[in-house]
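These protein sequence lines are chains A and B, in that order. Counted from 1, the first sequence has number 57 at position 57 by my numbering; the numbering is strictly sequential. Counted from 1, the second sequence has number 194 at position 194 by my numbering; the numbering is strictly sequential.
Keep in mind that the hints were calculated from the coordinates and are not lab data. A portion of the hints provided could be inaccurate.
As the list claims (entries may be wrong) - Using C-beta positions, here's what the derived DEER-type ranges look like:
#1 B:K51 <-> A:L43: 42 to 52 Å
#2 A:T158 <-> B:E37: 56 to 66 Å
#3 A:T160 <-> B:E201: 19 to 29 Å
#4 A:L43 <-> B:N229: 32 to 42 Å
#5 A:E196 <-> B:T186: 20 to 30 Å
#6 B:E198 <-> A:K108: 42 to 52 Å
#7 B:R9 <-> A:D105: 42 to 52 Å
#8 A:K42 <-> B:D164: 47 to 57 Å
#9 B:N231 <-> A:R129: 25 to 35 Å
#10 B:L63 <-> A:T158: 16 to 26 Å
#11 B:R147 <-> A:N44: 12 to 22 Å
The C-beta atom is built at its ideal place from N, Cα and C for all residues, glycine as well.
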Amino acid sequence: MINIALPKGRLGEKVYKLFASAGYEFPGILDKGRRLVFENEKLNMRCFWVKPFDVPVYVERGTADIGAAGKDILLERNPDVYELLDLKAGFCRMAVAAKNDFHEDSEKILRVATEFPNIARNYYAGLGREIDVIPLRGSLELAPVLGLSDVIVDIVETGTTLRENNLSVINFIADLSARLIANKSAYKFKGEIINEIIKKLS
Amino acid sequence: MNLLNLKLRPEERAALNLRNLYEACGYSFYRMSRFEEYDFYADKKDFLTSKRILTFTDINGKLMALRPDVTLSIIKHVRLQDGQVKNSDGVQKFYYDEKVYRVPKNADSFREISQAGVECVGRLSDENICEVLELALKSLETVADGRNFVLDIANAGLIAELLDESKNKSEILKCIAAKNIHGLKTLNAPEKIINLLESGEFDEETAKIINSLKNYKDKIKIDYSAVSNLNYYNGLVFRGFIEGVPESILSGGQYDGLLKLMGKKNSRAVGFAVYLDLVRSEKND
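Based on the provided sequences and hints, a complete structural model is requested.
Next comes the structure, spelled out in structure tokens:
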């Protein structure tokens with residue numbers, strides 16, 4: 001039995017379609033309902049939806065043998081798993097953005113609002129810049145507009161939301177996309193099946 | 001009183017079986033009888049799995065550490081015996097069964113962790129290293145108790161050589177540990193490293209060692225993702241897995257650098273630890 005953790009939401013649905021077109025189908029999985037676990041007995045596989053942030057947890061602890069997670073979440077959580085394939089879905093960037101007229105005062109501690117405190121800390125630690133992380137759970141654009149923070153560290157897809165709020169990207173941090181991850185131990189013992197899945201997905 | 005009638009927990013039984021195994025192979029029991037001073041660990045942090053150390057102040061005002069590790073103490077112990085009667089072949093073999101105190105990765109507090117393991121120190125020959133590898137395989141077999149198991153082996157020295165000139169070493173190492181080929185390509189990592197990860201090929205030295213372990217041939221895999229910390233291991237590294245246990249239950253390798261750091265220039269060391277708390281992990285499906 002292979003257990004697969006997929007992230008609930010748009011990215012997860014994209015990834016599921018990749019699985020489906022590779023021959024790994026789980027009937028009913030895209031229906032709007034409350035069911036979370038779907039089994040395909042013929043394939044001997046089970047697929048379940050979890051919160052995107054939780055996919056690495058399920059995989060690292062072996063509840064799921066493999067999973068699909070955004071690179072943003074992998075960078076933030078730094079799980080001890082194998083990252084076996086770039087699924088080339090959900091392309092976007094991790095970037096620093098600020099108000100269009102922002103001028104950095106290097107004498108002051110930089111206030112950084114973000115949903116990704118570890119990514120922000122690592123990035124600025126690499127620059128030797130002292131920061132004050134302001135952890136938020138969404139609507140990041142509001143923070144610099146209202147003066148809660150100087151900059152934000154966030155995912156940028158098209159940049160439309162930033163533009164509409166008079167913000168722009170000032171630094172690039174990383175390219176993001178969905179990745180296929182595997183539990184290290186599971187890969188030792190179910191490696192053949194996992195490799196077959198990878199071959200069909202790539 | 002018949003001790004054999006005692007009902008042992010699986011990890012207790014595993015620990016006793018391992019002690020029995022190590023004893024039979026001529027390893028002598030090492031007991032950490034006291035706490036080490038904090039300073040002892042402070043300048044050897046490269047050789048600690050977790051950098052956090054639980055400390056307390058002793059009655060004489062000295063800052064002491066609750067053991068984060070057993071290996072360091074064993075190596076220190078070996079040094080204290082210098083000049084005294086040694087084995088004729090100049091190799092000393094120890095095994096231990098201790099609790100250590102660490103903050104596991106992603107955990108938010110110190111944990112007590114049960115560890116059993118062996119250390120083989122001195123003028124090591126290839127045979128000594130093979131013996132320790134075989135002992136690692138036998139340990140896995142003992143602890144697996146019928147479940148499937150595998151020992152990943154890699155040559156950390158080879159990776160260190162290939163990475164010598166690279167700028168983003170730590171990022172490349174992270175990708176190696178994650179088998180992240182696409183990441184290595186983006187980082188412009190040496191082609192040879194990508195080949196090693198993909199093919200599981202090995203160098204002559206490693207091949208010789210593996211060939212000598214014929215009985216376990218199908219349990220050994222060359223897997224360079226076992227290399228994660230070049231500061232600690234300099235030669236062979238290995239990591240053991242048991243089916244159904246979600247993380248590696250055995251980890252070890254050659255760590256000559258520590259002996260150099262502790263002033264034993266001509267000595268080498270190899271050893272491993274078994275994480276006994278994982279013995280009881282739930283079986284997956």
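Tested hints:
Our hint of 42 to 52 Å for K51 (chain B) and L43 (chain A) holds, since their Cβ atoms are close to 44 Å apart. Taking the beta carbon of each, T158 (chain A) and E37 (chain B) are about 58 Å apart, inside 56 to 66 Å as hinted. In this structure the hint that T160 (chain A) and E201 (chain B) lie 19 to 29 Å apart at CB is violated, the actual value being about 48 Å. Distance hint for L43 (chain A) and N229 (chain B): a CB-CB separation of about 38 Å, consistent with the stated range 32 to 42 Å.
Taken as a hint, the range 20 to 30 Å holds for the pair E196 (chain A) and T186 (chain B), whose Cβ atoms sit roughly 25 Å apart. The hinted window of 42 to 52 Å between E198 (chain B) and K108 (chain A) holds, with their beta carbons roughly 48 Å apart. Our hint of 42 to 52 Å for R9 (chain B) and D105 (chain A) is violated, since their Cβ atoms are close to 60 Å apart. In this structure the supplied range 47 to 57 Å holds for K42 (chain A) paired with D164 (chain B), their Cβ-Cβ distance being about 50 Å.
Remark: the range hint 25 to 35 Å for N231 (chain B) to R129 (chain A) is upheld by a beta-carbon distance near 26 Å. Taken as a hint, the range 16 to 26 Å is violated for the pair L63 (chain B) and T158 (chain A), whose Cβ atoms sit roughly 55 Å apart. The beta-carbon spacing between R147 (chain B) and N44 (chain A), approximately 19 Å, falls within the hinted interval of 12 to 22 Å.
When held up to the earlier numbered hints, the structure conflicts with 3, 7 and 10 and fits the remainder.
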